[in-house]
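Please arrange chain D on chain B, whose structure you already have, making use of the hints.
There are 2 protein chains.
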Amino acid sequence: MATLKDVANKVGVSITTVSRVLNNRGAISQKTKNKVFKAMKELNYFPNEMARSLSNKNSHLIGLIVPYIGHPFFGMLTDAIEEACYLQEYKLLLCTSNGHPGREKELFYMLRANNVAGVLVCSRIEDAEEYFDTDFPIVSIERTIENVPSVSCDNYKGGVFAARELMDSGCKHPLLFGNRTREHLPAYLRYKGFCEECEKAGVDYKKYYIEPEDLFGKVLPQNIESLFRDYPNTDGIFATSDVLAARVINILGENSAYPQNMKVVGFDGIDISEYCNISTVKQPIREMGDLATHVLTKRINGVLVPERSILPVTFVRRKSSGPKKD
Amino acid sequence: MATLKDVANKVGVSITTVSRVLNNRGAISQKTKNKVFKAMKELNYFPNEMARSLSNKNSHLIGLIVPYIGHPFFGMLTDAIEEACYLQEYKLLLCTSNGHPGREKELFYMLRANNVAGVLVCSRIEDAEEYFDTDFPIVSIERTIENVPSVSCDNYKGGVFAARELMDSGCKHPLLFGNRTREHLPAYLRYKGFCEECEKAGVDYKKYYIEPEDLFGKVLPQNIESLFRDYPNTDGIFATSDVLAARVINILGENSAYPQNMKVVGFDGIDISEYCNISTVKQPIREMGDLATHVLTKRINGVLVPERSILPVTFVRRKSSGPKKD
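One line per chain: the protein sequences are B and D, in this order.
Taking the working numbering, I'd label the letters of the first sequence as residues 1 to 326.
Taking the working numbering, I'd label the letters of the second sequence as residues 1 to 326.
Bound-form chain B, shown alone (with noise of 0.2 Å):
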């Protein structure tokens, strides 16, 4: 059987340079590696990446837990937390729990039976108990854990900036329009600060809630009549994520029925949004993720890391909020 020093005798270069390859460390130019892959078929030499690491603190793995892969705002924030961990030299384990709190436990206790090094985690677990208390590396994404570091946006002042757009807009019954959500999860302050800041102005603002379920499913278009129903004077809604906005806009296009300028504000900032055309807070996803990686990696090596990270959000005005009323 070959052994690492075939590899080196083969290309010509030192151990340590076909072991800095194979762990992708250090700086090797793109040639010397094509050239160690090469020799490394021809001797058919795959060493054990898991034998080594048992013998090793750091698995150099890291766990990602997300509720859905293929929404956008997940696809983003995975891709720069992929990033990231490539840089650093190391690798991602996802997992996907579709929203379940016994699937996201299940998948918890599966990555540390792996030997990961940490955990990324976008929880949907509601007392999240599984992550408390604990000297195994966790970092929180979207919402807070006691004593698990977070990264979040300032979804509080991402909801003021949703009433401020509408009310400037010259809304004078805003609607809330969004998942029925908990003080756990990261929309809650959303709505907290949209509510507020309507308070503030003394503006009569209302809320429909649907059920998350509801988002992806047929059920909408019956949500918005029911909507219409019960506040016809609506003239402005905040949809609480750019995907829900691009639905609303595409189901109020269809039917003339519906008022046909109404003011719709959505909240994430993704592709989405420019592609239709909607005025949005845009949170700094792929900072999230990099940022994340980063205090996670940090935590691994024994660093303090701040408890919580707050990144700021922005607002971003496109045609779905018209222009703005002096």
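Rather than coming from a laboratory, the hints here were simulated on the basis of the structure.
Treat the hints with care, since some could be wrong.
Note: identical chains are not told apart, hence a pair may lie in one copy or across any two.
Mimicking SDA-like on lysine to any residue, the simulated pairs with C-alpha atoms at most 25 Å apart in a straight line are [what the hints assert, rightly or not]: (1) 35 / 98; (2) 35 / 109; (3) 31 / 101; (4) 157 / 172; (5) 33 / 89; (6) 41 / 112; (7) 172 / 260; (8) 282 / 209; (9) 41 / 100; (10) 172 / 221; (11) 38 / 109; (12) 319 / 220; (13) 206 / 168; (14) 319 / 260; (15) 282 / 271; (16) 207 / 228; (17) 33 / 98; (18) 157 / 274; (19) 282 / 145; (20) 41 / 128.
Then chain D, alone, in the frame of chain B:
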């Protein structure tokens, strides 16, 4: 140090049950699982799955290499693959190559060194020789690679559908607008189907290529400008992805100097096509991910699998190609 037996005793179940929970095999109720997890936590028992997998031929790890996870096509595909892995008791190690052949090669060797049982790849390596003639289980998604089983959709038929739709909508000067492609990339057959269908009908069609990086960049408005300078008669555009179609429609809508009734057909059938009302050729993305995972796990288990699996595409007519002209 706690053992498997301690956990079993604490919960009052057999060692086999605890082992099944750990390995996510067999039908165990969520209630029992939670009890086992709780006991593990209390006893601080986290068995090293890696140590076990060394004595096990099948690591139950699958590697996935995609060019970009932030693109909705790959997001949806990855989502389906992760789900299929979960249901078959495999775990997924996700890597993105950012479209760089050199990085893709590195990732492939890293995955092998990490003892994955098999690899799913959406390759961007032109010759793809890394994957030739190997006994190691690989499944290629979207493109064919010599001696490697592949799963794709009927790209040629998709191109035919797009050409027919534009011609049926009355276009006399349809134009193919997409990334410069080569024979080894999935778009190649898409283009071929479009061109040959136009030729068959004797219609004067044009092609306008952009560089892959233009799609996400700021260059696209300039591309569109030069497109209409070169081919002012253009009355229908086949944008070879939905994301590209959405961007084209957005750019045309923002400048009244451009024709405002341009027929546009996209490709992929991702959510954005629905929200932006884009007629499109729909790929069965989830089914492709699911099938690819099953082909790979069959190969891992030594079952003979099809060399090529081609899933059908469908055409979805929406506003962007307007009502059909009879």
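For this session: Could you figure out if residue 38 and residue 109 sit no more than 25 Å apart (CA to CA) within one copy, between two copies, both or neither?
Result: For residue 38 and residue 109, only the inter-copy Cα distance (10 Å) is at most 25 Å; the intra-copy one is 38 Å.
Problem set entry | Within, between, both or neither: residue 319, residue 220 at alpha-carbon 25 Å | Both, since 22 Å and 20 Å are each at most 25 Å.
For this session: Classify it for me, residue 33 with residue 89: is the Cα-Cα distance of at most 25 Å met within a copy, between copies, both or neither?
Result: within (15 Å within a copy, 34 Å between copies)
For this session: With 25 Å as the alpha-carbon cut-off, assign the pair residue 41 and residue 100 to within, between, both or neither.
Result: between (42 Å within a copy, 20 Å between copies)
For this session: If the cutoff is 25 Å on CA atoms, where do residue 282 and residue 209 land: within, between, both or neither? Let me know, please.
Result: Within. Shortest intra-copy distance 22 Å satisfies the 25 Å Cα cut-off; inter-copy 31 Å does not.
For this session: Measure nothing new, just compare the shortest in-copy and cross-copy C-alpha distances for residue 35 and residue 109 to 25 Å and report within, between, both or neither.
Result: Answer is between; shortest inter-copy Cα gap is 13 Å, intra-copy 39 Å.
Exercise. How would you label the pair residue 172, residue 221 (within, between, both, or neither) given a Cα cut-off of 25 Å?
Worked result: within (24 Å within a copy, 37 Å between copies)
Exercise. Given identical chains, is residue 41 near residue 112, meaning Cα to Cα at most 25 Å, within a copy, between copies, both, or neither?
Worked result: Answer is between: at 11 Å across copies they meet the 25 Å cutoff, but 32 Å inside does not.
For this session: Pop the pair residue 282 and residue 145 into one bin, within, between, both or neither, using alpha-carbon distances up to 25 Å.
Result: For residue 282 and residue 145, the Cα distance is within 25 Å only inside one copy (24 Å; across copies 41 Å).
Problem set entry | Intra- versus inter-subunit Cα pairing at 25 Å for residue 33 with residue 98 | between (38 Å within a copy, 18 Å between copies)
Exercise. Are the CA atoms of residue 41 and residue 128 at most 25 Å apart within a copy, between copies, both, or neither?
Worked result: between (46 Å within a copy, 14 Å between copies)
Exercise. From the Cα coordinates, with 25 Å as the cut-off, is the pair residue 319 and residue 260 best called within, between, both, or neither?
Worked result: For residue 319 and residue 260, both the intra-copy (13 Å) and inter-copy (17 Å) Cα distances are at most 25 Å.
The structure agrees with every numbered hint stated previously.
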